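A.B. asks: Based on the sequences and whatever the hints tell you, model everything.
Residue numbers (the working numbering): 159 to 366.
Derived DEER-like restraints, expressed as beta-carbon distance ranges:
1. 301 with 252: 28 to 36 Å
2. 188 with 240: 18 to 26 Å
3. 311 with 173: 12 to 20 Å
4. 307 with 225: 20 to 28 Å
It is worth saying that the hints were derived from the structure and are not from the lab. Nothing here was measured: the structure is a model prediction, and the numbers come from that model. We put the beta carbon where it would ideally sit given N, CA and C, even for glycine.
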Amino acid sequence: MHFDQAAATWDDSPVRRERAQALAETLRPIIRQHQYRNALDYGAGTGAVSFLLAGELRHILLADLSEGMVRKAMENITESGLANLEARRLDLLMTPFDEPPFDLIYTLMTLHHIRDIRGILERFYALLRPGGCCCIADLESEDGSFHAEFPDFDGHNGFAPDGLALQMEAVGFTDINYHRFFTIARPLPDGGEKAYPLFFMQGAKGIL
Numbered sequence: 159m160h161f162d163q164a165a166a167t168w169d170d171s172p173v174r175r176e177r178a179q180a181l182a183e184t185l186r187p188i189i190r191q192h193q194y195r196n197a198l199d200y201g202a203g204t205g206a207v208s209f210l211l212a213g214e215l216r217h218i219l220l221a222d223l224s225e226g227m228v229r230k231a232m233e234n235i236t237e238s239g240l241a242n243l244e245a246r247r248l249d250l251l252m253t254p255f256d257e258p259p260f261d262l263i264y265t266l267m268t269l270h271h272i273r274d275i276r277g278i279l280e281r282f283y284a285l286l287r288p289g290g291c292c293c294i295a296d297l298e299s300e301d302g303s304f305h306a307e308f309p310d311f312d313g314h315n316g317f318a319p320d321g322l323a324l325q326m327e328a329v330g331f332t333d334i335n336y337h338r339f340f341t342i343a344r345p346l347p348d349g350g351e352k353a354y355p356l357f358f359m360q361g362a363k364g365i366l
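C.D. replies: Below, the structure is given as C-alpha cells:
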C-alpha cells in the first residue's frame with residue numbers, strides 16, 4: 159500500500175474523519191478518568207485522532223512508518239500551532255526507542271498492517287508505565303475484500319476480538335475489554351452496502 163502518496167489527501171475522506179472522531183470520543187473519558195498526561199499514537203498517519211485529543215494530554219507522540227504521513231502530520235502541527243504534539247518516523251519492531259514510559263498508547267487501523275502481533279504487543283506493554291493503558295481500534299475479521307484494491311497488501315484481514323484479547327493477555331495485559339465502536343459501509347455494485355465493523359479494545363499494564 160502506498161501511504162506516502164496518499165498522505166496529502168488522506169484527511170479528505172469523510173469516513174476517516176468520522177472514525178477518528180469516534181475513537182477520540184471513546185478515548186476521552188478514559189484519559190479523564192485516569193488523568194493520563196502523555197500518549198503514543200502509533201500508526202498515527204496525519205494525526206487526525208491526536209489533534210482531537212490535544213486538549214486532553216500534555217504531550218502526544220505521533221509515530222508512523224510512512225515518511226509521507228509523518229511529513230503531513232508535521233505540517234498539520236505547524237499550521238495548528240499546537241506545542242504538545244510531536245511527529246516522528248518510528249518502527250517499534252526495528253528501531254531502538256528509549257523514551258519515558260507512556261500513560262496511554264492507542265492505534266487506529268494500524269494493527270492489521272503489522273505481521274508480528276505478539277512482537278508489537280510486547281513493545282506496547284514495555285513502553286507503558288504501570289497503570290497505563292493500551293487501546294487498539296481495528297477491523298473485525300473480514301473476508302479479505304477490505305483491501306481488495308491493493309494487491310500488495312500482506313497484512314491481516316481484521317481480527318477476531320476474543321482472539322486478540324487472548325494475545326494481549328499472553329503478553330501481560332489485564333482488565334481487557336472490547337466493544338464495537340464504528341462501522342465502515344462501502345457501496346456494492348448492486349446498490350447495496352457491505353459493512354466492515356471496527357472494534358475498540360483496551361488493556362491495562364497492572365491495575366487501573
